[in-house]
Every structure is written in C-alpha cells, then in structure tokens.
Amino acid sequence: MNASAIQSLLLLAAPGLPILAALALTITSWRGAVMRATPVAAVPALLLVVAGQSGASLHLPSLGQHAVLGLDAVGRIFLGFTSVLWLTSGWYARAYLAHDPNPVRFHLFFFLAMAGNFGLILASDVPTFYACFTLMGLASAGLVLHRGDAEAVRAGRVYLALAMLGEVLIFTGFVFLTVSGGTTQIAELHRGVFSQPALLLLLAGFGIKAGALSLHFWLPLAHPAAPVPASAVLSGAMLKAGLLGWIRFLPLGEAAMPLSGFTLISAGLGAAVLGTFVGVVQKNPKTVLAYSSISQMGIITTGIGIGALRPESWLDIQWAVLIYATHHALAKGALFLGIGPAHAAQTRLQVITARVGLLLPALALAGAPFTSGGLAKVAIKSNIAFLPGGWADVLGILLPLAAVGTALKMARFLWLTWPGHPHPAEEHAKGLWPPWLCLVGAVLVGAWLLPGALGSLPVKLTPAKLWLATWPLLVGGGLAMLGAWLRRWFSGDLTRWLPAGDLGVLLERPLARVQLRMSGRPVPDHADGHGGGSAEKDLRGAARLAAVGGRLARIEDSLRAWPVAGAALLLLIGVILWLLAQ
Amino acid sequence: MNLQSPILLGILLSSFVTGLVIFFLKEESHRLRTWLNLLGAGVKLVLVAVLLSGVYRGEPYNFAIEFLPGIPFALGADSNAVLFVTLSSVLWFCTTIYAVGYLEHTPHRSRFFGFFSLCVTATTGIALSANLVTFLTFYELLTLTTYPLIVHRGTREALRGGKIYLTYTLIGGAVLLLAVVWLHGLAGPVVFKERGVIQALVGTHRGELQVMFLLFILGLGVKAALVPLHGWLPKAMVAPAPVSALLHAVAVVKAGAFGIVRIVYDVYGVETAATLGVLQPLAVAAGITIVYGSVRALFQDELKKRLAYSTVSQVSYIVLGAAILGPVATIGGMVHLVHQGIMKITLFFCAGNYAETLGTHRVSEMNGVGRRMPLTTMAFTVAALGMIGVPPLAGYVSKWYLQKGAIQAGEEWVALVLGASSLLNAAYFLPILYRAWFNAPPEQWPAEHRVGTWETHWMLLLPPLVTAGLVIYAGVFAESSFSPLVWVKLIAAREYAP
Numbered sequence: 130m131n132a133s134a135i136q137s138l139l140l141l142a143a144p145g146l147p148i149l150a151a152l153a154l155t156i157t158s159w160r161g162a163v164m165r166a167t168p169v170a171a172v173p174a175l176l177l178v179v180a181g182q183s184g185a186s187l188h189l190p191s192l193g194q195h196a197v198l199g200l201d202a203v204g205r206i207f208l209g210f211t212s213v214l215w216l217t218s219g220w221y222a223r224a225y226l227a228h229d230p231n232p233v234r235f236h237l238f239f240f241l242a243m244a245g246n247f248g249l250i251l252a253s254d255v256p257t258f259y260a261c262f263t264l265m266g267l268a269s270a271g272l273v274l275h276r277g278d279a280e281a282v283r284a285g286r287v288y289l290a291l292a293m294l295g296e297v298l299i300f301t302g303f304v305f306l307t308v309s310g311g312t313t314q315i316a317e318l319h320r321g322v323f324s325q326p327a328l329l330l331l332l333a334g335f336g337i338k339a340g341a342l343s344l345h346f347w348l349p350l351a352h353p354a355a356p357v358p359a360s361a362v363l364s365g366a367m368l369k370a371g372l373l374g375w376i377r378f379l380p381l382g383e384a385a386m387p388l389s390g391f392t393l394i395s396a397g398l399g400a401a402v403l404g405t406f407v408g409v410v411q412k413n414p415k416t417v418l419a420y421s422s423i424s425q426m427g428i429i430t431t432g433i434g435i436g437a438l439r440p441e442s443w444l445d446i447q448w449a450v451l452i453y454a455t456h457h458a459l460a461k462g463a464l465f466l467g468i469g470p471a472h473a474a475q476t477r478l479q480v481i482t483a484r485v486g487l488l489l490p491a492l493a494l495a496g497a498p499f500t501s502g503g504l505a506k507v508a509i510k511s512n513i514a515f516l517p518g519g520w521a522d523v524l525g526i527l528l529p530l531a532a533v534g535t536a537l538k539m540a541r542f543l544w545l546t547w548p549g550h551p552h553p554a555e556e557h558a559k560g561l562w563p564p565w566l567c568l569v570g571a572v573l574v575g576a577w578l579l580p581g582a583l584g585s586l587p588v589k590l591t592p593a594k595l596w597l598a599t600w601p602l603l604v605g606g607g608l609a610m611l612g613a614w615l616r617r618w619f620s621g622d623l624t625r626w627l628p629a630g631d632l633g634v635l636l637e638r639p640l641a642r643v644q645l646r647m648s649g650r651p652v653p654d655h656a657d658g659h660g661g662g663s664a665e666k667d668l669r670g671a672a673r674l675a676a677v678g679g680r681l682a683r684i685e686d687s688l689r690a691w692p693v694a695g696a697a698l699l700l701l702i703g704v705i706l707w708l709l710a711q
Numbered sequence: 050m051n052l053q054s055p056i057l058l059g060i061l062l063s064s065f066v067t068g069l070v071i072f073f074l075k076e077e078s079h080r081l082r083t084w085l086n087l088l089g090a091g092v093k094l095v096l097v098a099v100l101l102s103g104v105y106r107g108e109p110y111n112f113a114i115e116f117l118p119g120i121p122f123a124l125g126a127d128s129n130a131v132l133f134v135t136l137s138s139v140l141w142f143c144t145t146i147y148a149v150g151y152l153e154h155t156p157h158r159s160r161f162f163g164f165f166s167l168c169v170t171a172t173t174g175i176a177l178s179a180n181l182v183t184f185l186t187f188y189e190l191l192t193l194t195t196y197p198l199i200v201h202r203g204t205r206e207a208l209r210g211g212k213i214y215l216t217y218t219l220i221g222g223a224v225l226l227l228a229v230v231w232l233h234g235l236a237g238p239v240v241f242k243e244r245g246v247i248q249a250l251v252g253t254h255r256g257e258l259q260v261m262f263l264l265f266i267l268g269l270g271v272k273a274a275l276v277p278l279h280g281w282l283p284k285a286m287v288a289p290a291p292v293s294a295l296l297h298a299v300a301v302v303k304a305g306a307f308g309i310v311r312i313v314y315d316v317y318g319v320e321t322a323a324t325l326g327v328l329q330p331l332a333v334a335a336g337i338t339i340v341y342g343s344v345r346a347l348f349q350d351e352l353k354k355r356l357a358y359s360t361v362s363q364v365s366y367i368v369l370g371a372a373i374l375g376p377v378a379t380i381g382g383m384v385h386l387v388h389q390g391i392m393k394i395t396l397f398f399c400a401g402n403y404a405e406t407l408g409t410h411r412v413s414e415m416n417g418v419g420r421r422m423p424l425t426t427m428a429f430t431v432a433a434l435g436m437i438g439v440p441p442l443a444g445y446v447s448k449w450y451l452q453k454g455a456i457q458a459g460e461e462w463v464a465l466v467l468g469a470s471s472l473l474n475a476a477y478f479l480p481i482l483y484r485a486w487f488n489a490p491p492e493q494w495p496a497e498h499r500v501g502t503w504e505t506h507w508m509l510l511l512p513p514l515v516t517a518g519l520v521i522y523a524g525v526f527a528e529s530s531f532s533p534l535v536w537v538k539l540i541a542a543r544e545y546a547p
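These protein sequence lines are chains A and B, in that order. Quick note: the first sequence uses this note's numbering, first residue 130, plus one each step. Quick note: the second sequence uses this note's numbering, first residue 50, plus one each step.
In short, the hints are calculated from the structure, not lab data. Please read these numbers as outputs of a predicted model, since none were measured by experiment. Ideal placement from N, C-alpha and C gives every residue a C-beta, glycine not left out. No false leads were slipped in.
Partner residues aside, some chain A positions facing chain B, computed with beta carbon under 7 Å:
#, residue
1, S191
2, G193
3, Y259
4, T263
5, M293
6, T301
7, G678
8, E685
9, I705
Stretch-level coverage of chain B by chain A, calculated; a stretch enters the list once three of its residues show a Cβ under 8 Å from a Cβ in chain A:
#, region
10, 249-259
11, 448-460
12, 466-472
13, 475-485
Put together the whole structure using the sequences plus the hints.
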C-alpha cells in the first residue's frame, strides 16, 4: 500500500472505526469483545495525529453533499487532545461500568459521540461538519441520560433543549454562510462577503456548545449527571467542538469585528467570574469541575474575542487559544477521571499516588509556573497588550483575578475529593488507575508537544515573572483557607442561592410544565432544586396548559360548524368580488 | 398512439383490474387475493421502472382518447409525473405487504383490497394526468375510493371521521371544479406544460387569474391540509394503519400537494405566478400551516393523532417550496414530496405495529417499546430523526434546499419557520424516543399478541425496515447518481430552463 492510500485509510478509519464498533454492538455475541476493546476505536485518530500528513484529504463524492475529510494544522492539534481523551476515557469506562446495568447502551452512545467528535475535526466541508456535530450532540444526550434517575433526566432534558436550539442556529447559519460564500468547502468559504446573519447565528450556536455565558447553564447539570468517563470527554473534548466551530467558520483574521469581539470578551470574562462564584459553593466535585470548565472556556472565549478585534495578529492569538484548549482539555479530563481512583485509593501508596495525580492537573489548571497552564496563560497574556481602547487595562486586571478564581475552585475540588481514609475497595476499581495515570502523564507533556510551545518559554525566568505567575495561586489558596475557617460559623446551604444550573433553573419551571402536560404525570421535585412550586402548583400549571391545548382544539372544531363555513363562504365571495373589481 | 403509450395505460390498469377482480373474490380465498395484490403491485413496479428509464432518456410518453367534446382524456409522463408515480408505486408495494399482514383474520378483506387498489389507481391517474380535466377526474375518484377505506372498521367513530372527510373533500372538489371550468372558459383546454400555459393572459386578465389561483389553492388545499382547511385529517386517522400510512404518504394528502405543484409549475408557471403576486400569500399560508401543525402535534397523546398533525405541518414544506421563486427552493419542495412520503409511511407502519402487536395507541403507553420491539423502534427512530431534520437523513436534505432557496430568493423569514418547525418536531418526537428506549417496559402490555419468531409478523416488520432504509439512503446518497434529489434537480432544470 502506498503512502497516500494509508493516509486516506486513516482519515476514513478515525470516524469510521467507532461507527463500526457501534454497529457491531447490535450483534449480541460480539458485544463483550467490542466493549473490552473500546479504547482501540480511538487508535486510528491518534495514529493520524502522529503519522498524518498535513494537507492529506479524502474525497467521498457519493456521500452526503460530496463529503471531504482532511487534516490541517488546527485539526491536528484538536485531534491530538481529543483522541487522547477518548482513548483514556474509553479504557477507563471498561472498569467504571463493570457493574452498570446498561453497559451496551452506554457504549453505543459513547462510540457514536466519538465518531462525531473525530469526524467534525476532520470535516473539510460544511455538511459533513454539521452531520458530525449533530451526531456528537445527539449521541452525548444518551450519555447524559444514562443513569436514568431524576437528576439525569432533568439534565438530559435541559441538555437536549439547548443542543437542539444550537443545532437549529448552526444549521441556519451554515445555510446563510454557504449561500454567501457560494461553496460548501470550508477552506474557500471566506473568499466572498461574510453574511451578517450567519455571523450572529454561528456565534450563538457554537456558543451553546462551548458553554459561553448565558448559554452555559446546561453544562453544570449535564456534566455531573453523566458517568465519569463520559463527563471527561464532555468537558474535555466535546466543549471544544464549539471552539473549533468558531475558529473554522468565523472570519477571524480577515476582518475586524468590533461588536462580536466586544460580545465575546464580555461573555468570556462574565463566564470566568460567574463560574467562580457559583462553582466554589457546589458540593458535588463534578459540578465544581463543570463550573471550572465554564470559567476556563470563558478565558478561551475572551481569546477568540481578542482575535475578532485584532485580525492582524490572529495567528498568534489562534496559537495561544490552541495551547489553552489543549491544556484545559487534558487537565480537566484528568481531574474528572481522578474522581474514581481518589475514591477507591486503599493502600498508602495508592493514597499518595492519587493525591499527587490530582494535585498536578489542579495546579496546571490554576496556572502554576512550569505547568501547561502557566504556558497557556502566558500565551494569552502576550496578546492583550496591543488591544485598542481600555481593553488592555481591563483584561490586565481581570485575567489574574480569574486565575485567583480558578485556584479557589481547584482548592474546593481537592477539598471535596481529597483521598485520605481508606475505603473498602472494589475489585473493578483497579482498572481505573492505568488510564487515569496515562492521562495525568499526558497533562504533564501534552501542551509542550504543540509546535512552538517549547520555544516560547521565557529564556530568563526572573523572580518578578515567577511572582507574577504565583501570586494568584497563593491568594486563591489563602481565600480557600479563609472560607473553610469561616464555614465554622456559618452552616447554611449556599447552593440554595447559587444552585447548579443557575440561569437555567429560572427557565426550568415553565419548560417542566410543558413536559408535564405532555407526559400527563407529575414531575418529581428535584433533589437539589431550590424552592419552586409544589406538585400541586405543577398540576395547576399543567391544567392551564391543557386548557390552551383544549381551546385550540375547540377553535378547530368550531371551524367545522355550518354557520362558520357559511360565513367563510360569504367572506370568500366578498374577497373574490373585491379582487375582480380591482 | 405510439409504441410507448401502452405502458401508461398498463400502469393504470395494473391496479384497476386487480381491484375489480378482488371485489368478486370470496372472503376466504386469502392466498389468491394476496397473490393477486402482489402481482398487481409488482407489475406496476416493473412498468414504472421502464417508464422511469425512458423519461430519463428523454423519450416522450403520451396517450389520449376523446373524452368530453373537445377535451381529451390524456395521460402523459413528464418528470413531475414520474416522480410522483414512482413514489406511489414503490410505497404501494410496501403497503400491500403490510396490509395483508395487518388485516389477517379480519372481516371484509375483499372489499378493503378492492377499494385499496382503486385508490391507488386514482393516485396513479393523478400523477399521470396530462391535462387539468383528467386530473380533476382522478382527483374526485380518489375522494370517493378513499371513503370506504376510512370507514372500513364501521365503528361510530369511523363513520363520523368518514363523514367529516367527505364533507371537506367534496366541498373542496366543488371549488376546484369551479376554478377548472373558469380557466377553461378563459384559456381553452389546459394541458400541463413546464413553465405554464397562461402567460399570454396575464396582461388582460390579471384579476381573474388571481381569483382563480385562490380558488385552486382553496380546492386543493383541503386535501393538502392547509390550515384552516386541515380539520378532516386528524379525524380520518380512525382508518386502519395501512390506510393511514398510504393516506398521509402518497394518496390523499400528497394528491393535494401534488395538485398545488401542478398548478404553480405547469398551469401558471412559477415565474408567471410570481408576477401575478400570488406566491407570497401562498408561502405565508404554508408557513402558518407548518408552525401550527407542529404546535398542535405537541399536545396529542394519541400516537396516530400526533403523526396526523405532523403531516399537516410537513406537507406544507412542499407547498412552501413551490411558493418560493427559484430552482433551489423548487428542489427543496419537490424532493420533500418523496422524503415526507417515505418518512411518514415508516412512522405509520411503526404506529400500526405497536397497536397491533402490543395494543399501545398512546404515547404515554410507549415506555420501553424499544426493548420489546427493537427493530420497529429502530425504524421509528430513523424516521422521527429524519422528520426533525437530523443529518444525514432525508428530511435534512429537504430542509437544506428549502432554506437555501428561501435565502437566495430573499425570503429570510422562512428561516424562522423552518427553525421553529425543527424545534417543535424535536419537542414532540424526542420524548417518544426517550420513552421507547430509556424507560422500563410495563409488566404487561395493553393487549399483546405474539406472532411468529420475530417481534411481530414478518409482513408487518419488513415494510417499515425497507422504508426506513430508504430514508437513510435518500439522505446519505442524496447527491449520488441515483436518488430522489437527482431526479428533482432534473425537474428544476426543466422548469427554469432559459
């Protein structure tokens, strides 16, 4: 086989193998073997990262609207962290789901979401990107809903509502974009005039996936509801699909977009702040991590906003954003996967390993010097000095504060998961360690493998620079201790005021009523829902809604009454005479 | 009469003769009736395949005999006709298999299959009519032959549904007749022709043509279930499942939509209609119908009723495509004629399977049906996702072209309609899928019948699997060399040819 055939095969196998695995699950006798081999499904994607040639492409003219898969520099970086995350999470899932009642269903959705995620990174044309994006979005609903308890159902409902809204926004944006661009090939899209509706639609549509502010509230519900390996890929890899959408489809680096830039920077900084305030009071470690993702994606959103303001330095900014994305994906994945081993740590060696393994990615996320987080922070910061207006000053103050917030959230997370007391360990928990430790290893080296990462290290690390990177960490740690100390006198439940899902909780009641009306049974009160209506109130709401439905039906029935038909006939004759008289 | 015309007549007679013979069969001659049915459907399928390849090569097909003084009974096969006749013959074949399985051991089967064949004859005739009077004849014939199928069960509810159906469609037919006669008086015999036949009259009879267009749409809109003329459709779902499937996918509702397509493209001509200013109101009516139907579907607990309102909404995609000027919108609307057909027939087949095998008629009873009937539910899932417009299924292709055509024509508001429709479709289909796959099945189904080795009788299982396969094929291979989309592109090219 010649080299180009191998390239084509890899391009096809990266999304193709997970699809085949999903199909193989329908054959009962193959299921066990397929589920044991889950991580293998991500291997072609990883091989492509290592051995793929930039610029390789594969045309499938009879598929979709002439589907094209290809690998470019941006795609390679995304595929890098994405494939590592799916591989380690798939490996982890093997042990994690050992006692799950529905492992086949979980794996089915896991494989489909994986295929969608790899496919959208490699897609070179708009319809293929959209198809893969949708596949990923819908399949991961299955992961969110998997546990099937009230919390998961609630999370799944909110997730699906937002995901479908995102699908529609993106679809419409794509049609506008391909009409104005005159092509469906992504690389050629921006030669024409960029359509304004497409810009707005895609900003919002991908914003939902990326957890941008005001569109983020599905995330702190969905990520904790999913099983741990699914949370890791949701938070680490799939959020980044929204980011990739922005990079691929917004005219970044071609035109200055002051309004979009302003919106993105404000939303990004807002998310960083909000994520901190709501995140630190959460009691579920996975919810803390989800809010941390909102904050971190906020920083990345800010980066995209800077790019929208300064097209001339987009390449630098893009590089910084990619470093940040890689760093966050791996570190966040490692923290999620760490929850299992931290809980299961039994011997002294295991406890120490778990502590170190949690501390390293937590420090990286908080941006400690010499970690990938430190590198990512420097990369973002180096781009703010040239910003027009007061933005440079604003960001100069707010970004370190965001770092303080991250440190605080990491302290909170470690507080909630810190391995100490040996538990009666379960046998299957052994299998959680190797994939997790591999991912922790990837956190240590991952971001440095990006082209140009090592070269960007400051040659002389002065004490001043070191201090600049360290003080937010110390302040954050100090605040965390202060909080823990204050907690002795205050025992109220803060999540009553700052519940997981913040804004979404406000929207949830009316939506629940619709659902209630359709299902015809009372919606259970949520375990962590705050206040709200009683079951009785819900029923009254349902009755009101049923009344609306009934009224529509009555209006419709009355159209069948003869007097109405007669009146309509007279009206029609009138209209005809009027038209003829004209 | 040339050598090719017997094919057109053969396509009509293949079901007509079958129907007549079946009426005289004894109720017990189950085997003979089944073979006759399959033979008729098979012969038609082969003839349609021959026709398809002939028309693709550009061969002319026509057949005419004197009918009324000066007005011939004329059949022809242009690309529009072939699209519709292919759809109806393929889906008729699937539905015949399904109906044989569905009606096993029930009374009055000879009556049912007789009218069933006549109904298909009428639909085929509508597709192949070459002039307006022939079209009208078959259109009315369809009204009458469908009635016995709707009231087949003979219950009070069925009779009531049938009465409402007749009232609506006969009045609609009268309005249509008025429009046809008026146009004849003005323009003489109207033969369908790409780009329309009335251009010469626009200057002198502008107002009359506008009124006639209104009457045409009112007359045809009854069957096409345009709001507020749709009231009969949800009541007609008392019919047995194979009838509902055919009614919603190819026969009655589709005949109305196809009629509107004929009027816009082959009587008025889409460009002429645009200069008359009648397209915009039609587009708005279609937009209202799309959203309204989906909203009503949201409130239905009865599965078939929910599907019926979904049809109200989805059929107007076709009308919307016809009402927007431009080849891309035409492609979107016309391809949905096929896509809506294969998706909706799958959904009705599946609804019938649930009712027949488990006795579940309501959405709230569908917990865990995916475990009990995985293959049926798989087909249902594919079709429902297609309806929402999830890529790469058939509905997505329609939506892409409709949306693109609307933007190119400067009708950006259509984006809101299609977006709202997708969200509403998701809101009434996704909860069903969740119930079916994620919830635990009840300990006992309302009325379970165990048949055969599969989850249900193979004759009930095979048709939805085949049509669900078509939904996937029409989407994934939309741009390959053989697909509904490719054919529809041919239609659009001929309609907008310079």
